[in-house]
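Engineer: Starting from the known structure of chain A, arrange chain B on it as the hints suggest.
Residue strings, one per chain:
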Amino acid sequence: MSAARPGLLCAALLLSACSGEQSVLAPAGRDAEVLATLFWWMLGGAVVLWLLMNGLFFYVTRIRPQALSPRAAEALIIGGGIVFPTVVLAALLSFALSEMPKQREPGENLTVRITGESWWWRVDYLPEGSDTPIASANELRLPTGQRSELKLNASEVIHSFWIPALGGKTDMIPGRETRMSLEPTVPGDYRGQCAEFCGESHALMALAGVVMTPGDFAAWLEKEAAPAAIPTSAEALRGLAVFNAEGCGGCHAVRGTEAAGTVGPDLTHLGGRVTLAAGILPMERDALIRWIRDPEALKPGARMPGYDHLSDAELSALATYLEGLE
Amino acid sequence: MLGHRHSSLWHMILAPTVWAVHFCVVYGWTAVQCARAGGPDAARTGVLIATAVALMAIVVLGWKAWRQWDYLDDFDYVHDQPTTEHRREFLGHAGWLLAIVSAIGVGFNALPAVFIRSCL
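Keeping their order, the protein sequence lines are chains A and B.
Numbering of the first sequence is given in my numbering, commencing with residue 1 and proceeding in unit increments.
Numbering of the second sequence is given in my numbering, commencing with residue 1 and proceeding in unit increments.
Next comes chain A alone, as it looks inside the complex:
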């Protein structure tokens, strides 16, 4: 391997973070745009400062290596060491502070209550004027063109809510509600990640962030509020029977059925979500079967027990039923 190869690899690794579904540098919301702008300004400033400092160092050691006059040295120390940093810091602080109120503005029309669990996200939608929350999990859908309010809680330990493409991060603290608001601008699928170490599967606690046009969002929310689809195929009905026989409803809720557990994520519209098991698996039948058979293998410490005693046929039927819950 040539000497340049590791450097190129590092550069490629670094640049791979500049785009994609979980990048601060590919903003898809007003709040993230401000943060990205601030980052680029600070990066530009740091580069200029670096060039200035090294240029100065080069000048005094190579080009003109002699003592400065006391007056010039003093001007340099006071100007470069006191006045310049004070002005730069004051400007940066003022800019950042002037942006903060906008990031903290209250949302309108839609409030979403998100609770950090071990290691998944409880997500309840509270559209304006509605009393009963619409329960969902592990996926946050937001409309463009408006600022939505997020109320953040945690059940046992501290988590931190962060969808880098949409905005900054906010801690979720047990027994204390925190809040933030987001104003997404570009429809698409993004990825969030718990940003505060919360236990053994912290790294596996991700969140799908789906931004939709207002029309699409309204239609989706109406569907999300409805009870679960009633299975029609024989395979799905067999899956429902397995679901009931295994007592899945003790922990999971499927609205419109007897299943009303609240320990685990609400599964009413599981099949309609873009990911499974808090962002770590695609919503596909193979993934569903792997997850149900042995959650511990995929997410160490997960509360859900494994169902490896079920036959392949039973697991397959169960996956068909769950996939149909769109």
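In case anyone wonders, no lab produced these hints; they're calculated from the structure.
Ideal Cβ positions, reconstructed from N, Cα and C, are used throughout, including at glycine.
Don't take every hint at face value.
[Said to hold, decoys possible] Beyond 10 Å from chain A on every Cβ pair, some chain B residues (computed):
| id | residue |
| --- | --- |
| 1 | Gly3 |
| 2 | Phe90 |
| 3 | Ser118 |
[Said to hold, decoys possible] Pairwise CB distance ranges, derived in the manner of DEER restraints:
| id | chain 1 | residue 1 | chain 2 | residue 2 | range |
| --- | --- | --- | --- | --- | --- |
| 4 | B | Ala42 | A | Glu177 | 21 to 27 Å |
| 5 | B | Ala31 | A | Arg303 | 33 to 39 Å |
| 6 | A | Val88 | B | Val114 | 42 to 48 Å |
| 7 | A | Pro70 | B | Ala52 | 36 to 42 Å |
| 8 | B | Ala42 | A | Glu99 | 33 to 39 Å |
| 9 | B | Asp74 | A | Thr37 | 46 to 52 Å |
| 10 | A | Val88 | B | Asp74 | 33 to 39 Å |
| 11 | B | Ala31 | A | Thr61 | 47 to 53 Å |
| 12 | A | Thr61 | B | Ser7 | 41 to 47 Å |
| 13 | A | Val48 | B | Asp70 | 38 to 44 Å |
| 14 | A | Val88 | B | Ala42 | 51 to 57 Å |
Structural biologist: For chain B alone, coordinates are given in the frame of chain A:
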């Protein structure tokens, strides 16, 4: 209590002390106003008043330190002799520089109250 200004370290650190007190007052006042009493407007007004008072105190202390240094009198910038004059000038010089840092610190402390109008 603080000793004579020309030989006392306490006088030299009065300006940073004002900065420290201002810091505590601003944080305490804001917390109390936002959690219990008046709300954001009262918090902001109090912070701005405390800042004006602190800056005035620092200007006075800085002016006194500047006079004690009496730079324009003899243009002494280095004070390394074990004499009464050098001690007086050193303490004045250091006190003056500390007053400048303290004024900047107090200003930075108060900036959030200038820009942010809510308790959130």
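Engineer: Just pull the numbers of the violated hints for me, sorted ascending.
Structural biologist: Per hint list: 3, 6, 8 and 14 violated.
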